[in-house]
Amino acid sequence: MAVGKVTFTKAEREKLAEVLWLLNWISVVTGAILFGLGIFLKVEIQKWQEVMSEQGILYVPHMLITTGLAACGINYLGSKICLDCADTNKFLRWKLVMMPYIVCTFFFTACVLAGALLCYSIRGQLEESLYQGLRNAMRFYKDTDTPGRCYLKRTLDLLQIQFQCCGISGYRDWFQVQWISGRYLDMTDGAVVDRLRSNVEGKYLMDSVPFSCCSTISPRPCVQHRLSSASSDFSYDHQRQPLNLWRRGCGQALLDHYTGVMQSIGLTVLLIWLFELLVLTGVRYLQTAMENVLRLGDPESESDGWILEKSLAETACYNFDIIKNLGKCYQVDDDPNINVPSVAAELEVPSQQVQVQS
Amino acid sequence: MALMVVKFDLKKRVKLAQTVWFMYWFAVLAGILLLSLGLFFKIELRKRSELMDNNESHFLPNLLIIMGLIACGINAFGGKVCYDSLDPLKFVKWKTVLKPFLVFCVVFNALLLVTALFCFVMRIPLQFTLAEGLKNGMKYYKDSDTPGRCYMKRTLDLMQMEFRCCGNDNYRDWFEIQWVSNRYLDFSAKEVKDRIGSNVDGQYLMDGVPFSCCNPGSPRPCIQQQMTNNSAHYSYDHYTEELNVWKRGCRDALLSYYGGIMNTIGALVVLISVTVGLQYVQSSLSSLANPEDVESESEGFLLEKSVKETFTDIMTKMKTMGKGVKVEEGGEEGIATRE
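Just so you know, the protein sequences line up as chains P and S, in that order. Each step along the first sequence adds one to the number in this note's numbering, with nothing skipped, and position 137 is 137. So the mapping is simple: this note's numbering equals the position in the second sequence, first residue as 1, plus 1000.
Bear in mind the hints are in silico, worked out from the structure with no lab data behind them.
Pair ranges (Cβ atoms, derived):
{"no.": "1", "chain 1": "P", "residue 1": "VAL261", "chain 2": "S", "residue 2": "PRO1147", "range": "38 to 44 Å"}
{"no.": "2", "chain 1": "S", "residue 1": "GLN1127", "chain 2": "P", "residue 2": "ARG135", "range": "44 to 50 Å"}
{"no.": "3", "chain 1": "S", "residue 1": "SER1198", "chain 2": "P", "residue 2": "LEU58", "range": "56 to 62 Å"}
{"no.": "4", "chain 1": "P", "residue 1": "GLY56", "chain 2": "S", "residue 2": "LEU1255", "range": "45 to 51 Å"}
{"no.": "5", "chain 1": "P", "residue 1": "LEU271", "chain 2": "S", "residue 2": "ARG1172", "range": "54 to 60 Å"}
The beta-carbon is built from N, C-alpha and C at its ideal position, and this holds for glycine as well.
Isolated chain P, as found in the complex (with noise of 0.2 Å):
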């Protein structure tokens, strides 16, 4: 009893090889989208890569990037394959290579649909990194003057102005951070002294923020110092004045620009795995049907096509079976032509008795 049986004619083989054939062309061109897509993805995250604490999320990229490649290989041989089996004679020199060429690329599947998947659930993931690299980001904005640090600062400002984003969560997280760098602070000055005592650690911290931080669509020229105190500037109401910095933190930012990216990304890597395994399904009767047409001996006889030849309890069986028997092939079992010489021994000796009489 199989799976999915359906009868085909001669001619219909042949449609199904030449669409078939077609099909697979088009899955070369879904592959190289998903190299594409792989390499737009990489250029992305390696564009942010200082505000991130880790790297491990480059994986996701370089799977899109080695499935995308292995899609173009893959559909590249099945459309020569397809191409020749319209014709009998010319199947029988791929006919040995189609079994493991459907296994192949049934597990070649499976790893586009792992990669759809793990687009989406690279959130926590890299909500974490993103987290943890900003708050480092923030800490050295101050270190333009170390080697491997010196470029945080315009990195950060950058991405303030492009994300139009201030902080981690907002903009007060400046004020627990010393962004300026002892080099421009007057250690001599009392009120220096006076802000470097203020705090356990020895930390310059004030109620200001970066230029960066400033908002282009405020009416009113930036308001960036004091930012806590009511009476600073004029007519300035810290808590009435949304426009004058950005509102939004750099992480949600992030996030949500990354979150964007992927699930687009991630929709575009299903629907090529779907279109994948209806390719994998075309050619699964195709091989079945060409071998069942041998199998008869007429070319021109019409012949069933089929997705498992038993049931799928059966087949996991069969397969299950094979698998045992593998590990077991070097020990005794009921082979009549194996020598056991037990047995031989107790044979022999009756036949010289039979000599011995005559």
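Please build the complex by placing chain S on the supplied structure of chain P, with the hints as guidance.
For chain S alone, kept in the frame of chain P given last:
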């Protein structure tokens, strides 16, 4: 003695016709490219028309769009004629149109070269428009409550950040205008009254710049206020400080941006006209090579006589055209006098 005589048999004619047909379609694509370049330039000008006082001239992008459309039309027509040229029945109806068509194509090519020249030359009026527009833009920076100008601040800030520039010629331009609105000035404070009293127009001038002039690549946090006062900031010398604010003026930055676009478009137009011109040469060969009898050999040439002779021919034709009216009058007079 004809110019560039080439013998054609059927195969060669077919090959020539095919090549020319391809080149015509390539020229149609070039026409589409010209059209899209014109549109792109128009959009870029529109985007920043606020900074140019809405005064900018759209002559060049409009010209590019029209030339692109004409190029598409001419070359599509040429491709059709070429396609028909292999079939003598179809070709007969095009034969009379062909010569004027080729002349028109040569004229169009010359117009393309003129357009390219415009692309390189229009930089100069653009410079003046930009200078005027930016000066006014800076004047209206503080008027974020005046209808019609409330977005000038945002436009100017975004432009300074995007093009990495400050002020018209340099950052000192901001010292000469009041860019803080009176709504945000405390007129009871002594400092404000001093500053307003210190100049003839009663403007609040300061040696500070807006935040959008700040350079993110500076190693120290941005110094925007009291920029010329070295003692107001620790370890700061405004003469040697290079990275604090953008050094470049916005007029220069915008001019080099638009100049770059126009130079690229001009170079592309020259390239297109050369490529397209070559294929007109080929098509004239092809058109003259088609006799009534398909199988026979034929000769193809660029010009029927040599260049000098063709030129003298054209001159004589023009002279006779000019004299045509006179001769007739003379003839009539002659008849009148005889009578």
